[in-house]
Amino acid sequence: MSLGKTEVEYISRLAAIAVEENEVDQVAAKLSNILDLFKQMEAADTEGVDPMAHPLDQVQRLRADVVTEVDQHEKLQSIAPSAENGLYLVPQVIE
Amino acid sequence: MSWEVVIGLEIHAQLTTNTKIFSGSSIAYGAEPNTQACPIDVGMPGMLPVLNEAVIGKSVMLGLALNAEIGRKSVFDRKNYFYPDLPKGYQTSQFNYPIVGKGTLEIEVDGVKKTIGVTRAHLEEDAGKSIHGAVPGQTGIDLNRAGTPLLEIVSEPDLSSAKEAVAYARKMHELVQYLGICDGNMQEGSFRVDSNVSVRRPGEPLGTRAELKNINSFRFIEKAIEFEIERQIELLESGGQVVQETRLYDSENDVTRSMRTKEEANDYRYFPCPDLLPVVITEETIEAISASMPELPDAKRARYVADFGLSDYDAGVLTGSRDMAEFFESVVEKTGGKDIKLCANWMITGFSGALNKDGLSVKDAPVTADMMAGMLNRISDNTISGKIAKQVFDAMWNGEGSADEIIESKGLKQITDTGAIEALVDEVLANNPSQVEAYKGGQEKMLGYFVGQIMKASGGQANPGQVNQILKAKLSD
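Same order as they appear, the protein sequences are chains A and B. Here the numbering used here = 1-based position in the first sequence + 163. Here the numbering used here = 1-based position in the second sequence + 39.
Quick caveat, the hints were computed from the structure, so don't treat them as lab data. Watch out, some of these pointers could steer you wrong.
Restricting the straight-line Cα-Cα distance to at most 35 angstroms, the calculated cross-link-like pairs of lysine-lysine (DSBU-like) are [as the list claims (entries may be wrong)]:
no.: 1; chain 1: A; residue 1: Lys238; chain 2: B; residue 2: Lys118
no.: 2; chain 1: B; residue 1: Lys112; chain 2: A; residue 2: Lys202
no.: 3; chain 1: B; residue 1: Lys118; chain 2: B; residue 2: Lys141
no.: 4; chain 1: A; residue 1: Lys193; chain 2: B; residue 2: Lys377
no.: 5; chain 1: A; residue 1: Lys168; chain 2: B; residue 2: Lys141
Every value quoted in this text rests on a predicted model; they were computed, and no experiment measured them.
Construct the complete structure from the given sequences, taking the supplied hints into account.
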């Protein structure tokens, strides 16, 4: 399976990863290779095999519903590009 | 040719936990911005989520109440999209293996019962809040809400009118509150209803749907759906086409409007979250949760009708909320179950009426179950009449004390002394000779007039039964 320029552009936009014009062909080829690998894997007989949700064959540990975190917003906001009155600031999002 | 309406609802119920779904940050409402957002919630690199055990129990409880399949192995996935209030760039949700599978909920509209399918209910985290306009040209982000546990309950497209949709939403609203898994506060966004509305010709495939979002009252949900149905039918009949989009309801003008955001394709590229392992729910866990479930509203209503001899209507009002039902049952217990009908009447007219008038919830009522029972016991033992009880109730509501204290301080004790009542009767008859003549001449309706005068003369405190008896005896002399 091979991906074209349009698909690479679409995927890069969804993933918010900038792909330069001169990189598109190379990225398309790499992604196509990955898809080819999946294609090969599809040939394996998986009849009666449960889909694997996680490579570790373990079960999720749970946490008690108790507040353990304290307010650290000043510390966290000291490394934010912009913050004011306790709010993180980002370029305006038009609704 | 007629149109068929097809509606499915997605309800987000915020679970009543102390902390977030994947971190130990508090989810208390109304805190200062970002004071309840820890490194996990703000999406710091390297942070790992740890699942809150409370969300499992609460979700399974809803699943059991809906007679649904419980996901014995449930998996968290990443739903990928970019928005500033979603700092990780994905929402942790569930896709292929939700915690609650197929179930049902029975609704009733205009006396007709209908079973609505529930497709699934899955756990997910809420996003933060974007605050527009606080700083000119910029958007402020408050991540206190980020990571708040939500249970998204998805219905089958089984609802065929705005009324049915609202009946389903109300029923679910009642259920989650009975179970104590969600506080149901629609103003604060703890219970959000999104409606998928489409129309089609009978027998045809499903039409294109529009999604109505961010409506925070049942009344407006009904109106918004009604408007949307009309809009789609008019559009189709005039040769147009419905566009799949999100629409917002404008309650001032009673119309829905396209949200007009830059519509990104709904391509969320779900994949299993590598930071979380599958959640396994054992049979023992399910049994323990099942044993801890409160009586559900439908079962409660049926019991009130069968055991208490109440009407369907009364049973419906009394089970309207778990708080109301528990208050009522407590009053019944404290009055020894002697006159349940009297308890029910006072709950519905006196208590409920006063709550509505003052806009209070059961928990905030100035009259407690103890006080209510105290007053009803004084009606049952003839210390006060039903009429005087109204006065006592109002005084209790105004914080003037218990029924006994009020009866004592206001001297409201019913007059049951035969001699005292006879004196009152004699006095009234002596003062109204012409009316007595009229009565004796066949005008029996004068009896009511005498009773009224006697009650008035007693300040409303004479026992009405005794008054009637003594009055009739005197008049037939």
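Does the alpha-carbon distance linking Lys112 (chain B) and Lys202 (chain A) stay inside the 35 angstroms limit? holds (28 angstroms)
Run the distance test for Lys168 (chain A) versus Lys141 (chain B): straight-line Cα separation, threshold 35 angstroms. Since the Cα atoms of Lys168 (chain A) and Lys141 (chain B) sit roughly 41 angstroms apart, the hinted pair is violated (cutoff 35 angstroms).
Please work out if Lys238 (chain A) and Lys118 (chain B) have their alpha carbons no farther apart than 35 angstroms. It holds: about 29 angstroms lies between the C-alpha atoms, which stays within 35 angstroms.
Take the C-alpha atoms of Lys193 (chain A) and Lys377 (chain B), compute the straight-line distance between them, and say whether it is at most 35 angstroms. Violated: Lys193 (chain A) and Lys377 (chain B) sit about 81 angstroms apart, past 35 angstroms.
Regarding the pair Lys118 (chain B) and Lys141 (chain B), is the alpha-carbon distance no greater than 35 angstroms? Holds, at about 22 angstroms.
Comparing the model with each numbered hint stated earlier shows that hints 4, 5 do not hold.
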